[in-house]
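**Q** Could you build all of it, start to finish, from the sequences and the hints given here?
One point on numbering: in numbering that gives the first Met the number 0, the residue at position 97 of the sequence shown is 96, and numbering is uninterrupted.
In short, the hints are calculated from the structure, not lab data.
Among these hints, one or two may not hold up.
[As the list claims (entries may be wrong)] The calculated lysine to aspartate or glutamate pairs, modelled on DMTMM-like cross-linking and capped at a C-alpha distance of 25 angstroms, are:
1) 178 with 189
2) 96 with 85
3) 384 with 216
4) 217 with 286
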Amino acid sequence: MFNYILKRFKKIVIRIISLMFFLVFIFMTFLYFNYKLREEYPNPNDVYAFVEENKTDTYLNRKNKEFLKENNIWSIRLDKNGHVIESFDKPREVKDKFELTDVARFTRYYLADYPVFTYITGDGLILFAYPKNSLDKLPANYYNYKNLIFNLEILLVFVILFLLFVYIFYRIDIKNILKNISPLQQAMDDIYEEDYEKLDEDGELKDLAVSINQANEKFINLKKSQAKWIRGLSHDVRTPLAKISREISKENKADLDIENIQDQVVKISNILEGLNLTMSLTNMDKESFSEQSPLKEIRKVIIDKLNDNPDREIIFENKLENRDLKIKMDPNLFYRMLENIIKNSLQYTKGKILLTISNSVNKLNIEIIDEGDGISDEIIEKINKEDLTNVTKHGLGILISKQIAELHGGNFDLKNENTGLRVIFTFEYM
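**A** Pasting the structure below:
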């Protein structure tokens, strides 16, 4: 389990690193596109250099105007008194005479919402204006070196603190994981031991604790089933084996009762089949069960038994108020559950058999009553306790029916009535 946790942690680390590389890739892609966007407008210094290089007696000659037009830039040149002496595509809202304060303002910020850049030309200025909302101008064009170093130091401290907190949280989480995992590891090591301690089914690992406890319960039930199986086998197979042994030990082999031997072998086979089924039912998975109507299996088992026993009378009374009710069931097991009871009544009684089906609030009731002598209270007690000793002779089929009913989430009630044996199955329906 620890190896599993470590593997999972390694996968998490790999994913985090992969995510970091992915984010770096996204960031670099962003920088690239940002760079491409910057190329949409030429650098103001490059514009000034081109105009300066290609000036004649005027700065804004035909060649320079064509260059400015291609780049969607308008320009004006001011003399030392603030008058506009040259212009290209100057907007109407831009005045022709500027005061010293105007020059100071647009040199640092904007002119009529146009981002502008100024350069000295002799005793005047030349101004290049870009389209509105194309470039942003920053109010500060300097930085304090000591302040920059201080900010970098703060950033470094924050990075170190972040990594330190990540490490601390990692250590705390690992410690908590190991603290929570240790009881589970111990429980898994002791799951097949007699001194197994049931895990607390709470916390973040509740589902895992429940699964381990259920596995231990299944193991205990399996051990109990095996013990019952062995007790039933040793007790009930002994009698037919003794009869076979007596027959075989006869000195005159001609006196062997082959038919009796065959009957005893069949009896042993039936006992083993029943015992194996009782043990398999204890650990059967109910995931394959589906919502179905029980009426089909009830009618089917009655018809089959009447066909096998045409001289017997099986009465079916359908008192269902809800004919569409369904229960979660396995059809084959449900059939076997009813068949065992009816077969037992057919074998040990000679009167009528009454099967009644009815429903109450969310309950389906199936009642089977025969006209016989019933069975002993001792056998009923053994069936209720699922004690297989001496049950195989008189009530193994009934015990199997009880187990099938409980596997379907139902209740089983067995009692002797004045008229005979009475069996009631109760299930919750959908």
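**Q** Evaluate each hint against the coordinates.
**A** Going through the hints against the structure:
no. : hint         : verdict
1   : 178 with 189 : holds (18 angstroms)
2   : 96 with 85   : holds (12 angstroms)
3   : 384 with 216 : holds (18 angstroms)
4   : 217 with 286 : holds (16 angstroms)
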